[in-house]
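Novice: Next come the chains, spelled out residue by residue.
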Amino acid sequence: MEDEFRDDPWRSDRPLGDDDAFDLAKLERMIASAGHYVRPTDDLRPRVLELARERYGDRRTFRRLAGAMGVAALCVMTGMVISDRFQTRVEAAGVPRGERLERMLDAHPTRAREGQVAAWADVLTDWRGRVAASLSGAPIDPASMLTDSENN
Amino acid sequence: MITSCTFPDRVRQCADRIAESGPAALAGLFDLTAQRLVRYSVTITRNQHDAEDAVQGTLVRVADTPRLLCHADEPWAYLLRMVRNESLLIMRRRKRWTSLLSLADLLTRRTVDEVEVEETHREVWAALRTLPTEQSEVVVLKIWEVMNFAQIGGVLGISPATAASRYRYAIEKLSRKLIRTADIDSTRAEVDHGG
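Chain order of the listed sequences is A and B.
Following my numbering, the numbering of the first sequence begins with 1 at its first residue and continues without gaps.
Following my numbering, the numbering of the second sequence begins with 1 at its first residue and continues without gaps.
Worth flagging that the hints you see were computed from the coordinates, not collected in a lab.
Treat the numbers as computed from the prediction; the structure is a model and nothing was measured.
Do not rely on the hints blindly, as some may be mistaken.
[Stated by the list, open to error] Some chain B residues close to chain A (C-beta under 7 Å, calculated; not the full set):
id: 1; residue: F7
id: 2; residue: A27
id: 3; residue: G28
id: 4; residue: E52
Even glycine gets a Cβ: it sits at the ideal position worked out from N, Cα and C.
Turn these sequences into a full structure, and let the hints steer you where they fit.
Specialist: Structure (structure tokens):
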């Protein structure tokens, strides 16, 4: 079917009409000669090129912005992780007080044997020893700290 | 060494250059195709302003995504399809009332010593505007783009038989409108040669 139309049975001198024999080729030539009659306006070219350049620039800006936001998000996440670890060390290094101190006193074996004051002294001595060790680089055992966050 | 380079090949080369160099290379594609795209789009939109908007939208899209053309089997037919789709979108959005007989919107080439030829051209364009769009498209692609019916069917999304049928009806209508013009032109040519 395609080959039949590729051969184009409408070409050349086969007349079209019934009464007046009309030269199809002449008609096609007339139409073909009008093909260059219409031309684009002079401002179409600069308009098209300018718009294409603007859109290219916008896409580049968007890509850079997206990249910068990705880097910023990564920095924020990294900061949060570091801050969280730092917070743990800071809390552990803080002077025990309030409920935290009470829990430490309750858990200390000296309290039952020798009373609250002796237990306080022992708890604070232990705490100072652990802080000194952590400042020298030894790892802190979270189980020994009884921080508020761990009990919540 | 001379290598023959068809028009579709040149369109593909322009697309490849845009893919390599970005929108700076769009000028080459514009210079190669703009006039043909505008004249095709005008047959759909019936308005040169809308036709140029369609061509602008199409070429900017090509600059955004040049691989659309680079990877097409027939880049020129693909570009014509893009312009056609853009033209139809604009037609639907704007719903412009256009006088079929007016050619006032067209920007034309005019030479001082070819007034009679210009008159013939205007009659051809006016006659094309009296055809339904589906028929005038086929005529434009057949005669101005020198496509066969299979290629026309590919651009318009119709079968070659339908394209041929529309062409037949279009030519019959155009022959009735333009036969007198053709005869006058022949007579004029004879007088010029005889005198």
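Novice: Are the hints correct? Go through all of them and say.
Specialist: Structure-based check of all given hints:
| no. | hint | result |
| --- | --- | --- |
| 1 | F7 | 14 Å, violated |
| 2 | A27 | 6 Å, holds |
| 3 | G28 | 11 Å, violated |
| 4 | E52 | 5 Å, holds |
Violated hints for the displayed structure, listed by number in ascending order: 1 and 3.
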